[in-house]
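Q: Chain by chain, the residues:
Number of protein chains: 2
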Amino acid sequence: MNSFEELLKKRRSIRDFEEREISLPLIQEIIRESTLAPSASHGQPWYFIIITNRDVMKRLSDECKRSLLARIEANPEIPLSGYKEALQNTGFNIFYNAPCLVYIAGHAETGSLDVDCALLASYMMFSAAQRGLGTCWIGLGAHIDDPEIRREIGLSDVCRIVAPIIIGYPASIPEPLPREEPKILKIVS
Amino acid sequence: MNSFEELLKKRRSIRDFEEREISLPLIQEIIRESTLAPSASHGQPWYFIIITNRDVMKRLSDECKRSLLARIEANPEIPLSGYKEALQNTGFNIFYNAPCLVYIAGHAETGSLDVDCALLASYMMFSAAQRGLGTCWIGLGAHIDDPEIRREIGLSDVCRIVAPIIIGYPASIPEPLPREEPKILKIVS
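Going line by line, the protein sequences match chains A and Z.
Position one of the first sequence corresponds to residue 0 (numbering that gives the first Met the number 0), numbered consecutively onward.
Position one of the second sequence corresponds to residue 0 (numbering that gives the first Met the number 0), numbered consecutively onward.
Treat the hints with caution; some may be incorrect.
Copies of the same chain look alike in the list, so a pair counts if it works inside one copy or between any two.
[Claimed, not checked] With a Cα cut of at most 20 Å, we get these calculated SDA-like pairs of lysine to any residue: (1) Lys182 <-> Pro24; (2) Lys57 <-> Tyr95; (3) Lys185 <-> Pro44; (4) Lys182 <-> Thr51; (5) Lys83 <-> Ile71; (6) Lys8 <-> Arg130; (7) Lys9 <-> Glu32; (8) Lys57 <-> Tyr82; (9) Lys57 <-> Asp145; (10) Lys57 <-> Ser188; (11) Lys57 <-> Glu84; (12) Lys182 <-> His106; (13) Lys182 <-> Arg159; (14) Lys185 <-> Gln43; (15) Lys57 <-> Gly90; (16) Lys83 <-> Glu72; (17) Lys57 <-> Arg150.
No lab work stands behind these hints: they were computed from the structure.
Okay, chain A solo, but in the shape it has when bound:
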């Protein structure tokens, strides 16, 4: 049992995992605990897709790389272009060979979808850290355009992925990146 202070130190973005699989009941327990997050008007707009099949994860990684490179090609000025070289590297799996990927998604027309799912993602990352697991929000992993692979993972046209979260047992835990001083625009006292 960790104190919150310990969890704050422990919760790092992990991109280096042991081979070890995570049991499905454990993933479901973490998802259930994550739904204790607050949401706008208690709307709970979140849906989940759990992927533990490494072949499917590899294909999802390839599909995201393809669709992201197409976007960069169409518009080389976008900030994404900084990732071009990594995305062109065929050996690079954007999910870092994690044993599990959870997509947090929802109906694309829900106004508060982004913030609600991000709150839930934060709970999920703490809940996993609490159990000795490591996570990373893989922003690049949301770009699944191909209708066939969307169908295969149960992602309908009306759904939008907000947070692709990889989960696994950390092989190493990096030091925290330094934080900037909080930018306080004004104190109105």
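Once you've looked at the hints, dock chain Z against the given chain A.
A: Just chain Z now, with coordinates in the frame of chain A:
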């Protein structure tokens, strides 16, 4: 010192506060701890505005009510219309007479602003709960259109408020609202 399990139970949305003020150093400590949240490409795009002046908070509440009612007037079909009666109630302070309001904001053009600030807000709500404080994300509180009041609180035109978080000592802590079963669209194993 609370365990994470205890914090999960303790972190409720609080709308009923003691009169007691919160010290500015304590608010700043919570803000600093919140910046341990992860952000896209470690961008840390968050800015903060701290408001502890109750007159200013009352005027911000009035401004949000005015601008929200104008939106409802212009488009009665929007979901916001459910709040019409409350917003017309002159006795209703949308910030529930909390002693402190923290605006989490950022440059409107930052692509990941919503999710980054929501992750930070989640950290802030845990960090406050850890110190015996209560919080609530007041979605209605972000709608500050009036240029004069924006200037007064240091909110420039390029800034967008993502999360208005009220903070105070809870006068009462409500029971958790029941959660739906997690909607798992598919398990790909």
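Q: Determine for every hint whether it applies to the structure shown.
A: Going through the hints against the structure:
no.	hint	verdict
1	Lys182 <-> Pro24	between (41 Å within a copy, 15 Å between copies)
2	Lys57 <-> Tyr95	within (10 Å within a copy, 49 Å between copies)
3	Lys185 <-> Pro44	between (34 Å within a copy, 16 Å between copies)
4	Lys182 <-> Thr51	between (40 Å within a copy, 17 Å between copies)
5	Lys83 <-> Ile71	within (8 Å within a copy, 44 Å between copies)
6	Lys8 <-> Arg130	both (14 Å within a copy, 17 Å between copies)
7	Lys9 <-> Glu32	both (18 Å within a copy, 14 Å between copies)
8	Lys57 <-> Tyr82	within (18 Å within a copy, 46 Å between copies)
9	Lys57 <-> Asp145	within (14 Å within a copy, 50 Å between copies)
10	Lys57 <-> Ser188	between (53 Å within a copy, 13 Å between copies)
11	Lys57 <-> Glu84	within (18 Å within a copy, 52 Å between copies)
12	Lys182 <-> His106	between (34 Å within a copy, 12 Å between copies)
13	Lys182 <-> Arg159	between (32 Å within a copy, 14 Å between copies)
14	Lys185 <-> Gln43	between (33 Å within a copy, 18 Å between copies)
15	Lys57 <-> Gly90	within (10 Å within a copy, 57 Å between copies)
16	Lys83 <-> Glu72	within (9 Å within a copy, 47 Å between copies)
17	Lys57 <-> Arg150	within (16 Å within a copy, 50 Å between copies)
Hint violations for this structure: none, all hints satisfied.
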